[in-house]
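Enquirer: Here are the chains, one letter per residue:
4 protein chains.
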Amino acid sequence: MTDRLKIGVLGASGYTGADLVRLAARHPNVEIALATADSHAGKEMGEVFSHLARLDLPPLTRWQDADWSSVDVIFCGLPHGTTQEIVAQLPADRVVIDLSADFRLTDPETYAEWYGHEHRAAQLQGEAVYGLTEHNRAAISSARIIACPGCYPTAALLALLPLAAGRLVDCDQIIIDAKSGVSGAGRGLRQNTLFCEAGEGLRPYGIASHRHAPEIEQELGAVLGRPIVVNFTPHLVPMSRGELVTIHLALAGGARVADLGAALARAYAAEPFVHVAGAGTVPGTQDVRGSNDCLIGVYADRIPGRAIVVAAIDNLVKGSSGQALQNMNVRFGLDETAGLGQLALFP
Amino acid sequence: MTDRLKIGVLGASGYTGADLVRLAARHPNVEIALATADSHAGKEMGEVFSHLARLDLPPLTRWQDADWSSVDVIFCGLPHGTTQEIVAQLPADRVVIDLSADFRLTDPETYAEWYGHEHRAAQLQGEAVYGLTEHNRAAISSARIIACPGCYPTAALLALLPLAAGRLVDCDQIIIDAKSGVSGAGRGLRQNTLFCEAGEGLRPYGIASHRHAPEIEQELGAVLGRPIVVNFTPHLVPMSRGELVTIHLALAGGARVADLGAALARAYAAEPFVHVAGAGTVPGTQDVRGSNDCLIGVYADRIPGRAIVVAAIDNLVKGSSGQALQNMNVRFGLDETAGLGQLALFP
Amino acid sequence: MTDRLKIGVLGASGYTGADLVRLAARHPNVEIALATADSHAGKEMGEVFSHLARLDLPPLTRWQDADWSSVDVIFCGLPHGTTQEIVAQLPADRVVIDLSADFRLTDPETYAEWYGHEHRAAQLQGEAVYGLTEHNRAAISSARIIACPGCYPTAALLALLPLAAGRLVDCDQIIIDAKSGVSGAGRGLRQNTLFCEAGEGLRPYGIASHRHAPEIEQELGAVLGRPIVVNFTPHLVPMSRGELVTIHLALAGGARVADLGAALARAYAAEPFVHVAGAGTVPGTQDVRGSNDCLIGVYADRIPGRAIVVAAIDNLVKGSSGQALQNMNVRFGLDETAGLGQLALFP
Amino acid sequence: MTDRLKIGVLGASGYTGADLVRLAARHPNVEIALATADSHAGKEMGEVFSHLARLDLPPLTRWQDADWSSVDVIFCGLPHGTTQEIVAQLPADRVVIDLSADFRLTDPETYAEWYGHEHRAAQLQGEAVYGLTEHNRAAISSARIIACPGCYPTAALLALLPLAAGRLVDCDQIIIDAKSGVSGAGRGLRQNTLFCEAGEGLRPYGIASHRHAPEIEQELGAVLGRPIVVNFTPHLVPMSRGELVTIHLALAGGARVADLGAALARAYAAEPFVHVAGAGTVPGTQDVRGSNDCLIGVYADRIPGRAIVVAAIDNLVKGSSGQALQNMNVRFGLDETAGLGQLALFP
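Protein chains in written order, with numbering that gives the first Met the number 0: chain A, 0 to 346; chain B, 0 to 346; chain C, 0 to 346; chain D, 0 to 346.
Be aware that one or more of the hints could be misleading.
[Stated by the list, open to error] For each label pair, taking beta carbons as the anchor points, the in silico distance ranges come out as:
1. H79(C) / K42(A): 48 to 56 Å
2. A40(C) / T336(A): 36 to 44 Å
3. G185(A) / R25(B): 53 to 61 Å
[To be verified] So, partial list: chain D residues that the calculated Cβ filter (under 10 Å) puts toward chain A:
4. R21
5. E46
6. L51
7. S182
8. L188
9. N191
10. I206
11. S208
12. H209
13. G277
14. G283
15. L315
[Stated by the list, open to error] Derived coverage of chain D by chain C (criterion: at least 3 residues anywhere in the stretch with Cβ under 8 Å from a Cβ of chain C; other residues may be distant):
16. 131–145
17. 234–245
18. 287–301
Everything labelled a hint here was simulated from the structure, so no lab data went into it.
Note that the structure is predicted; figures quoted are calculated from it, not measured.
By construction, the Cβ of each residue, glycine as well, lies at the ideal position given by its N, Cα and C atoms.
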């Protein structure tokens, strides 16, 4: 075990933290040396998540009681706003892989506008690297703080970045109709995530006001070299895991639908986790449940000059904990797929 | 019982037929006098649908054995293509309320293109009236053949017709991102509607090729006086009932988002079943499960000059059997809400 | 409206309260004159339950602010323990129909043992009548306080009482393996009723310690004339509504399995809501979703001398609000089925 | 790859076959060299199961076209009745691990009674070894034909065998109330496994007539040295994966409830996949989804002298494909946990 990376998981009592533990516990190069969960400090992880009860894990502690010298990498799955304060107090030579939203937005004003308070570690905001692995590998490989993308931005940007980069679509008319399973809302107690409320029904939420919109806009804007605004319309779907974005696009610059598919195929030809769906197949979240895969499909619209691009991920894996480990692999020069080989669980 | 309308239900062994029976059995002015189901002829309805076993219903027969003189109104819930042949053989003075797609498209060529064969009762196609009750009451009230809209067109057109009529939106850029529960696919045995396939996952289907697209286009085109083409992108959602359309629209003619809401509120002010959601609320299929309601909400997009309109129905009620009974009520001068007062079942 | 019974619903913000409103709003002899919900006082019911937003209802108030003179009947859907204090303060000529557990147990010691505190209105405990309609009609018809049974006891006792009365089974070896949808746990925020926790999984809970056990034992004991103890093992099932008890029984006194079926058929021959399943059919909760029905089936065990009895109800209807209205109908001499004619919603 | 065991999967188009492929594809000592699926011969596995589309697998063939020389081990996931004919034709030196029911019952008469025809390879029936790994390791390690237990018998026998062996319970009064997810019924098209039929509801099936009953009885009878009969009452639960048995038992021979827990703890102390739940915890299928674990809990009944034992597994893993690979590991002297380390997927 001595050669293994020692990781700490802050906020291990959420779904994201649990899925990180699930994957990290089987990662060949990782040892889970620290796990915090303030409200459950003193408990074993298996008391909080019974499916993890057979693992040999350190007991849960308060983050204030953590011995940072025991870990090489710190994963933060804390509520938004908390992470920035903690990261500012960490030893400066610890790699931080943040699953919260705290370091995703690089502009302090945008952060303050969307999160309702000034950033409490603005000096670190600039240092953080956006952790969309496939599009930011070089920076990730030497970053100290890696801000893992939100689940929706992961799916949306994997589908959109190559199209925006190629100027193949009108980026001022991007419509992202998004659908998520309930785990995206976390394990906190909320009425709308009760079984009886979310079950057997579908409802949009956060229309034109979801915090993942500015994140998508920031990354697309960086590629375009100018600010843009997108439609982002999420829906809560009666399933636990899975996220699908249906992106409605106007073609630009003379591009045809086939050009979109070709651009995506080219962009991801060598990628282990991002796949362009073959002709006649349509991605579903069923295809990626529990895996780190992202599936993308491109389809002609009935309206001439338009296309539909669909992307499916598991929101807790590629949309969160899986991508976080993928970033760790990149950062520490490990095989990028290490610990992420789980196939989708179907049915 | 003698004053009651005697109805026949053809195709009573499908979900649509069963829901028609569920509602009609409690309709104060209706007697179910005939029910057919070819593959189950000779059985009791309760053997085919155990939730209806406590009703006093006629035994199921083959439609060829039906005594048409016993009924005043004939509801057809038969597979597409079958209805037209049967209707052509019925006594000309029987009112037909068709829940299939056979008489929805009025243009023979469009029908042939989308259904793969020449219409077998083209002479009746022109006679049929499109049964979107709220928008076609006058014609319905004296029609002999009423073609009830598809489930998706019901939701989409209730949301779109007032906006198209008012030239408030760009009808050449209508994007209908639609989501349906599994009952929309019927009770036939299909792999993709098995619990294990449709459960815990979400997948688009029929992208740019679903037969409800030309139906929406026909009715919008009639209002506009010219042909149009729409984006129609349905998804299969892990729930049994419920349908939600999320319509992405570009404003036109100087309209503001508030004008859309006002136009819809005006159009449906006196309607018993169509409701515009109040500020701060978002329609969900949970709100209409089992009821004949349609809820519509209007929201500003983040992209300037665009709006998002959401409509939710129960696909088997307002999207099929409920609307069929509503049309019967209109046709026979009954209280339009008779038999349709069931509140949504939640949770 | 003047001839209608004016009802008050205390605790209208729970699932039980909402389902009572759903049914009462369509009851031909009822006017909802009062609705309380402490934490939502001042809101409209439609803000708390969007599926009820189209009803014309009084605004929610605190129960302390209720004008009791405005109502003839008071339905209590309050948390256990609260009801007894309120009922003690009500005008003595108001009929109280209690959906909580406060007046189900008649023995003060048993109450204190299972609910952890002395009963705060012990003088009223004796006055309360156990509201299992089919077995207690005479007492209900003149009661001032009607204690509606718990959901599980409703299903279990409807199946067991005729068998116990006929000494057909060994009442010292009754095994009640029970399964409930999640709505049985109420709308309060609890981790185990989140969609992600209860979905796609099944787990027993409250083994040998659920409060519905003493209630079942009390009523069976009353029939037998001696105290008994039963096995009661509930499970949480990933569905919103529905409850099914699978009762494993040893035959007694020379009874055969057919005798059990005959006893049940005899007991419920004239009942509008309790039905014995025909040969070859097995009750499922799908058959009763949203209806006031209880279905019971009797089956031979493979072990000689044993039988299996299955009963299915909708826990929110026959298991709670529907039975409460049924009791009101009995109490006020109305048609017992008034307002309870809704057929099961399937699928 | 040359050192890997080459396996063939017959019947790869069922859920069991797919889950075997999912696990085997990540097994460090296995190469999938052959996969058959008669109705899909010529297709790629990824066309039949889209979640497996990124694997490099041999194309599906008819079993008649299989080159048996290419494989060391043959897994049969074929419909009951088919396997026996195929196995009879295989080279006698190939190890067969059968996931069907064909070789589970050792008595030809019992087989004929429950499966409706004479066994077609009765000479092999005696040769087959019952593959409940934890209880039959020695025989499995040298068997040519390993008959993997049914999913229900796996859970039931893991819970019951140590208790029966210790004469701790009355084996003539064993009541197994069982609950299964829908995948247990396979991928074939059946009305009762449609999403709309199995969703949002619970129903018993196969009461006193399910084919897993004689299998449980056979294995318990072998331990007891005499034939027994058990109550086995399965229910179809609205989830895809997971199986839970709730076993109601009368204590025997002076045993106390704690003795049952101790006997189970002793029996499985060294087992990697079978775990006795700690005090205060109750197994749920959520704890084992996708994993090869079996969790067992023991609880006192309210009825004196009785106990309740609960066991949870994933029906497709420990209940089928996972146990099959576990048996392969035992048979070929591999690490018994190889390829089976996947933690449960929760939520």
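Enquirer: Next, verify each hint and record whether it holds.
Expert: We went through each hint and held it up to the structure:
1. H79(C) / K42(A): 48 to 56 Å: violated (29 Å)
2. A40(C) / T336(A): 36 to 44 Å: violated (56 Å)
3. G185(A) / R25(B): 53 to 61 Å: With a Cβ separation near 42 Å, G185(A) and R25(B) fall outside 53 to 61 Å, so the hint is violated.
4. R21: With Cβ-Cβ at 5 Å, under 10 Å, it holds.
5. E46: holds (9 Å)
6. L51: holds (7 Å)
7. S182: holds (5 Å)
8. L188: violated (15 Å)
9. N191: Status violated, d = 16 Å.
10. I206: Nearest chain A Cβ about 25 Å off; hint violated.
11. S208: At about 26 Å, which exceeds the 10 Å cut-off, the nearest Cβ of chain A leaves the hint on S208(D) violated.
12. H209: Result: violated, 21 Å to nearest chain A Cβ.
13. G277: Holds, about 8 Å.
14. G283: holds (7 Å)
15. L315: holds (8 Å)
16. 131–145: violated (count 0)
17. 234–245: holds (count 9)
18. 287–301: holds (count 5)
In this structure, the earlier hints numbered 1, 2, 3, 8, 9, 10, 11, 12, 16 are contradicted, and the remaining ones agree with it.
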